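Colleague: Given next are the chains, with one letter for each unit.
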Amino acid sequence: DAKTTQPNSMESNEEEPVHLPCNHSTISGTDYIHWYRQLPSQGPEYVIHGLTSNVNNRMASLAIAEDRKSSTLILHRATLRDAAVYYCILNSQGAQKLVFGQGTRLTINP
Amino acid sequence: GAVVSQHPSRVICKSGTSVKIECRSLDFQATTMFWYRQFPKQSLMLMATSNEGSKATYEQGVEKDKFLINHASLTLSTLTVTSAHPEDSSFYICSAKRQGARETQYFGPGTRLLVL
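Protein chains in written order, with the numbering used here: chain R, 22 to 131; chain F, 215 to 330.
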């Protein structure tokens, strides 16, 4: 499985935008970029995924670099409930499993 | 949205006993379910992939005779930790993929196991 690199931790303030980076320089053409997050003592939660184009949903936006070697998850207006570990995962089309890295622990300050 | 439940949410057992954890997809059919284990301050580690009606595929290093997985229906998979020991204490999480869907997995809330 292609590997991703994320900062161990990030900190932001409530009601401000948050940009969570992910590097995936060995991404292949069939790899989708997935983001999940895990709140304390809970199972992970799907956030967003994309292949080449930027994606938006009610939770976040995903900005994918033109060469696809990096991507950024954008939380437009962070709340305290967004404090979680955010995982960036590559998943080949049709592949069964997700392989989790260490993720980025996001702290939101009130 | 797709909902996955787990039961029990937490369990404490004595060393040497077996513990069964259930994972259910409540509002969709899941041809594939996954079992993960997560130790404190660590990431999720995939233990096995479970396909309905067939034997589970275990990841390297996971003992299939110790962690028995049964996926008897499109909405239920069970993980049985046999002869549990304190080192098996962990947070066990299942996930499920919708029938026909190729990407998104839906995760359960997790089961915290403590073996005394």
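Keep in mind that the hints were calculated from the coordinates and are not lab data.
Owing to the predicted nature of the structure, the values given are computational and were not obtained by experimental measurement.
We treat Cβ as the ideally placed atom computed from N, Cα and C, and that holds for glycine.
Any given hint could be a false lead.
In silico contact screen, one side only, chain R against chain F (beta carbon under 8 angstroms); selected entries [claimed, not checked]:
(1) Q63
(2) Y67
(3) S74
(4) E87
(5) S91
(6) I95
(7) H97
(8) K118
(9) F121
Here are the simulated lysine-lysine pairs, DSS-like style, with alpha carbons at most 30 angstroms apart [said to hold, decoys possible]:
(10) R:K118 <-> R:K90
(11) F:K269 <-> F:K228
(12) F:K234 <-> R:K90
(13) R:K24 <-> F:K234
(14) F:K280 <-> R:K90
(15) F:K228 <-> R:K90
(16) R:K90 <-> F:K278
(17) R:K24 <-> R:K118
(18) F:K228 <-> R:K24
(19) F:K278 <-> F:K234
(20) F:K255 <-> F:K228
(21) F:K255 <-> R:K118
(22) F:K234 <-> F:K269
(23) R:K90 <-> F:K269
(24) R:K118 <-> F:K234
(25) F:K280 <-> F:K228
(26) F:K280 <-> F:K255
(27) F:K234 <-> F:K280
(28) F:K255 <-> F:K278
(29) F:K280 <-> F:K269
(30) F:K255 <-> F:K234
(31) R:K90 <-> R:K24
(32) F:K278 <-> F:K228
Label-pair restraints from in silico Cβ distances [claimed, not checked]:
(33) R:L101 <-> F:V217: 43 to 49 angstroms
(34) F:K228 <-> R:P38: 47 to 53 angstroms
(35) F:F253 <-> R:H40: 42 to 48 angstroms
(36) F:E277 <-> R:N77: 41 to 47 angstroms
(37) F:T231 <-> R:A86: 40 to 46 angstroms
(38) F:K255 <-> R:S113: 41 to 47 angstroms
Colleague: Now tell me if each hint is right for this structure.
Modeller: Each hint, compared with the structure:
1. Q63: The hint holds - Q63 of chain R has a Cβ within 8 angstroms of chain F, the shortest such distance being about 6 angstroms.
2. Y67: holds (5 angstroms)
3. S74: This interface hint is violated because 15 angstroms lies over the 8 angstroms limit.
4. E87: Cβ of E87 of chain R sits 22 angstroms from chain F, so the hint is violated.
5. S91: violated (20 angstroms)
6. I95: violated (19 angstroms)
7. H97: Not OK, violated: H97 of chain R not within 8 angstroms of chain F, min 21 angstroms.
8. K118: Holds, because the Cβ-Cβ distance from K118 of chain R to chain F comes to roughly 6 angstroms (cut-off 8 angstroms).
9. F121: holds (4 angstroms)
10. R:K118 <-> R:K90: holds (21 angstroms)
11. F:K269 <-> F:K228: The given pair, whose Cα atoms are some 28 angstroms apart, holds under the 30 angstroms limit.
12. F:K234 <-> R:K90: violated (42 angstroms)
13. R:K24 <-> F:K234: Violated - the C-alpha atoms of K234 of chain F and K24 of chain R are around 33 angstroms apart, more than 30 angstroms.
14. F:K280 <-> R:K90: Roughly 40 angstroms between the alpha carbons, so the hint for K280 of chain F and K90 of chain R is violated.
15. F:K228 <-> R:K90: violated (48 angstroms)
16. R:K90 <-> F:K278: Violated, because 37 angstroms separates the two Cα atoms, which is more than 30 angstroms.
17. R:K24 <-> R:K118: holds (14 angstroms)
18. F:K228 <-> R:K24: Violated: K228 of chain F and K24 of chain R sit about 39 angstroms apart, past 30 angstroms.
19. F:K278 <-> F:K234: holds (14 angstroms)
20. F:K255 <-> F:K228: Holds, at about 24 angstroms.
21. F:K255 <-> R:K118: Since the Cα atoms of K255 of chain F and K118 of chain R sit roughly 22 angstroms apart, the hinted pair holds (cutoff 30 angstroms).
22. F:K234 <-> F:K269: Answer holds: K234 of chain F to K269 of chain F is near 17 angstroms, not above 30 angstroms.
23. R:K90 <-> F:K269: violated (36 angstroms)
24. R:K118 <-> F:K234: holds (23 angstroms)
25. F:K280 <-> F:K228: Distance of about 16 angstroms is within 30 angstroms: holds.
26. F:K280 <-> F:K255: Roughly 24 angstroms between the alpha carbons, so the hint for K280 of chain F and K255 of chain F holds.
27. F:K234 <-> F:K280: holds (12 angstroms)
28. F:K255 <-> F:K278: holds (25 angstroms)
29. F:K280 <-> F:K269: holds (15 angstroms)
30. F:K255 <-> F:K234: Since the Cα atoms of K255 of chain F and K234 of chain F sit roughly 24 angstroms apart, the hinted pair holds (cutoff 30 angstroms).
31. R:K90 <-> R:K24: Measuring from Cα to Cα gives roughly 11 angstroms; hence the hint holds.
32. F:K278 <-> F:K228: holds (21 angstroms)
33. R:L101 <-> F:V217: 43 to 49 angstroms: violated (24 angstroms)
34. F:K228 <-> R:P38: 47 to 53 angstroms: holds (50 angstroms)
35. F:F253 <-> R:H40: 42 to 48 angstroms: For F253 of chain F and H40 of chain R the Cβ distance comes to about 29 angstroms; the hint is violated.
36. F:E277 <-> R:N77: 41 to 47 angstroms: holds (44 angstroms)
37. F:T231 <-> R:A86: 40 to 46 angstroms: violated (51 angstroms)
38. F:K255 <-> R:S113: 41 to 47 angstroms: violated (29 angstroms)
Violation of the numbered hints given earlier is confined to hints 3, 4, 5, 6, 7, 12, 13, 14, 15, 16, 18, 23, 33, 35, 37, 38; the remaining hints are satisfied by the structure.
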